[in-house]
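Asks: With chain A fixed as given, assemble chain B onto it according to the hints.
Chains as they are written, first to last, in our numbering: chain A, 12 to 354; chain B, 12 to 354.
In case anyone wonders, no lab produced these hints; they're calculated from the structure.
Do not take every clue at face value.
[To be verified] A short list of chain A residues far from chain B (calculated; beta carbon distances all over 12 angstroms):
#	residue
1	26
2	48
3	278
[Said to hold, decoys possible] To give a feel for the contact side, a few chain B residues facing chain A, derived at Cβ under 10 angstroms:
#	residue
4	24
5	119
6	245
7	255
8	260
9	275
10	289
Small disclaimer: the values here were computed from a predicted structure and weren't measured.
Ideal Cβ placement from N, Cα and C applies to all residues, glycine included.
2 protein chains.
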Amino acid sequence: MPPQIINRQWLLARRPEGQVLVDDFRRYDAPLPRPDLTAGEILVRNLMFGFDPAQRGWMDDVQGYMPPMAIDAPVRGSAAARVVASANPAYPEGAMVRGLFGWQDYAVAGRAGEADPVRIAPDILPEEALGVLGAASITAYVGMLDVGRLGAGDCVLVSGAAGAVGSVAVQIARLYGARVIGIAGGPEKCRWLIEDYGADAAIDYHNEDIRARLRALAPAGIDLFFDNVGGSTLEAGIAHIGRFGRIVLCGAIAGYNDERPAPGPRNLMRLISQRAEMRGFILLDHLDRLATATEQLRQWVRDGHIRYRTDIQHGFETIPQTFLRLFSGASRGKQLLRIDGAE
Amino acid sequence: MPPQIINRQWLLARRPEGQVLVDDFRRYDAPLPRPDLTAGEILVRNLMFGFDPAQRGWMDDVQGYMPPMAIDAPVRGSAAARVVASANPAYPEGAMVRGLFGWQDYAVAGRAGEADPVRIAPDILPEEALGVLGAASITAYVGMLDVGRLGAGDCVLVSGAAGAVGSVAVQIARLYGARVIGIAGGPEKCRWLIEDYGADAAIDYHNEDIRARLRALAPAGIDLFFDNVGGSTLEAGIAHIGRFGRIVLCGAIAGYNDERPAPGPRNLMRLISQRAEMRGFILLDHLDRLATATEQLRQWVRDGHIRYRTDIQHGFETIPQTFLRLFSGASRGKQLLRIDGAE
Numbered sequence: 012m013p014p015q016i017i018n019r020q021w022l023l024a025r026r027p028e029g030q031v032l033v034d035d036f037r038r039y040d041a042p043l044p045r046p047d048l049t050a051g052e053i054l055v056r057n058l059m060f061g062f063d064p065a066q067r068g069w070m071d072d073v074q075g076y077m078p079p080m081a082i083d084a085p086v087r088g089s090a091a092a093r094v095v096a097s098a099n100p101a102y103p104e105g106a107m108v109r110g111l112f113g114w115q116d117y118a119v120a121g122r123a124g125e126a127d128p129v130r131i132a133p134d135i136l137p138e139e140a141l142g143v144l145g146a147a148s149i150t151a152y153v154g155m156l157d158v159g160r161l162g163a164g165d166c167v168l169v170s171g172a173a174g175a176v177g178s179v180a181v182q183i184a185r186l187y188g189a190r191v192i193g194i195a196g197g198p199e200k201c202r203w204l205i206e207d208y209g210a211d212a213a214i215d216y217h218n219e220d221i222r223a224r225l226r227a228l229a230p231a232g233i234d235l236f237f238d239n240v241g242g243s244t245l246e247a248g249i250a251h252i253g254r255f256g257r258i259v260l261c262g263a264i265a266g267y268n269d270e271r272p273a274p275g276p277r278n279l280m281r282l283i284s285q286r287a288e289m290r291g292f293i294l295l296d297h298l299d300r301l302a303t304a305t306e307q308l309r310q311w312v313r314d315g316h317i318r319y320r321t322d323i324q325h326g327f328e329t330i331p332q333t334f335l336r337l338f339s340g341a342s343r344g345k346q347l348l349r350i351d352g353a354e
Numbered sequence: 012m013p014p015q016i017i018n019r020q021w022l023l024a025r026r027p028e029g030q031v032l033v034d035d036f037r038r039y040d041a042p043l044p045r046p047d048l049t050a051g052e053i054l055v056r057n058l059m060f061g062f063d064p065a066q067r068g069w070m071d072d073v074q075g076y077m078p079p080m081a082i083d084a085p086v087r088g089s090a091a092a093r094v095v096a097s098a099n100p101a102y103p104e105g106a107m108v109r110g111l112f113g114w115q116d117y118a119v120a121g122r123a124g125e126a127d128p129v130r131i132a133p134d135i136l137p138e139e140a141l142g143v144l145g146a147a148s149i150t151a152y153v154g155m156l157d158v159g160r161l162g163a164g165d166c167v168l169v170s171g172a173a174g175a176v177g178s179v180a181v182q183i184a185r186l187y188g189a190r191v192i193g194i195a196g197g198p199e200k201c202r203w204l205i206e207d208y209g210a211d212a213a214i215d216y217h218n219e220d221i222r223a224r225l226r227a228l229a230p231a232g233i234d235l236f237f238d239n240v241g242g243s244t245l246e247a248g249i250a251h252i253g254r255f256g257r258i259v260l261c262g263a264i265a266g267y268n269d270e271r272p273a274p275g276p277r278n279l280m281r282l283i284s285q286r287a288e289m290r291g292f293i294l295l296d297h298l299d300r301l302a303t304a305t306e307q308l309r310q311w312v313r314d315g316h317i318r319y320r321t322d323i324q325h326g327f328e329t330i331p332q333t334f335l336r337l338f339s340g341a342s343r344g345k346q347l348l349r350i351d352g353a354e
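Extracted from the complex, chain A is given alone in its bound form:
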């Protein structure tokens, strides 16, 4: 009998209350999923994980656009993986794929009723597939162009602008000829905004008053506000929204770890006087744009029009700590983790 292969997992041990903690997760050694695959299924070996603030939301016992994560199941999360056994001709053995394979070494994917894994082309690196060509960038693409109806003359505001979604949103706005103001925390990230991502101005919310800066930078108001943050940042953006302005709600990292939701913006009535709209969206509704967006992003990256940063941590055992970097502001680019030794 061959030696039993262990499938290392990180389980959701309990639902986080407020701030997510390392102790909300539990390491578990499961047996390798049985290789007798049903037609359509594949067995994948995860090589790299991508982390996203939305995962925190899925941990709450709230029915959103996805069911809440189950307790004592591997934490739901994106991974780039290699197909190691296949009962699906679309995903041959050896192919690279990405999907919500969870925090574990191995996963069975392709089950009926689950989202299909996405093939990763041979010339794409795992960190590109999970990063600049991944869901965050496509979210930025759809959010700016389809939901936000970006126009060339727009004055655009992006919060969380140094993050995975925000940095691509900034660059798309610039590529379309808009004037772009980015909000990020700390002088280092603000420097990236100007020097790497081509923002026209950066606001450091750690050290500057967002409203005062917006008054100076956008006296005629913001045409399109792409908000990844929520909370007081959203309120400041509403205070400076221009006439017929559009606010795209992409996320609310400021609030993901709040035990009780913080008060919302006090100035929503400005949406009336400015005839502005605010709209939430999620990528799942725009999957018809996936191919176009991916190809366009690939072209931009290849041509050097879109730059990106990845923050790659290492080692399966540090997955929870790596996830927490998203919320402490420690991440220095798209947060990834490589499982050392896997290939």
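Replies: This is chain B only, laid out in the frame that chain A set:
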């Protein structure tokens, strides 16, 4: 020399701080505006005033879609009036007109740069011109159909549903085949909603828990929420907004008298998970719809499809008290005031 005609006025004595008070206004006897009109101008005699919560907003020193009211000038407000002198062939002497003629007996209108007075057809009563065929109803029409994109199968929620805008919004929704839930304060207004305006259900926010009632009445969520109230009512509506739901922000009577804006809805992130939109609008942007809306409303009223209530107070001296009825919930229908003796 003929006896001097007095032009009675109510001036804005000071900007209200929080709750508007009778003492925020001051009576003043001005001389009659000189009858030497410039070409285009008309002199009108006000007969009836219409009151609207938006007037409270115009009293604050905030640049909105209109400049703030001036201190020591007649309070800006709608009136139905008779033309008593004319230098404008579009408004012959004796014609009835409505416009923002202010809280005074006489006004000069038709000045360049001001909104044109609207002619009132001979078969329309002043209380109809200021009420069911006035700005409030046209606001409901545009808000439901153009901004809210009302559909026949929609589950519609209207707050402030017994008010001038809300009651027409409820009836338009019903005329278009939607299912309508109205929110109003007290059993009397809730009875109007069901018996007079044809709502499918009424929620009494004085005596019922809005969220619990919405859970029971609209388990699949609200498709279109027409909000006139803001505050906790808006928050409750967001909590029950359906997938791809639309929230139309028409007003926020709950907050007009707040000295400091109350915290906004804590659950805006539900706009993301539900892919919902929230949109503010004001009638001024939809003046191209005025003729169509007025004619349609007139037809509906004539055919008995739209019912309405007016609350007509009397006497120039009671104008401020009548205005305050809007905010105390005392108004029993569109709040109007007739200047006794004028005709």
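Asks: Against the structure shown, which of the earlier numbered hints fail to hold, in ascending order?
Replies: 3, 4, 5
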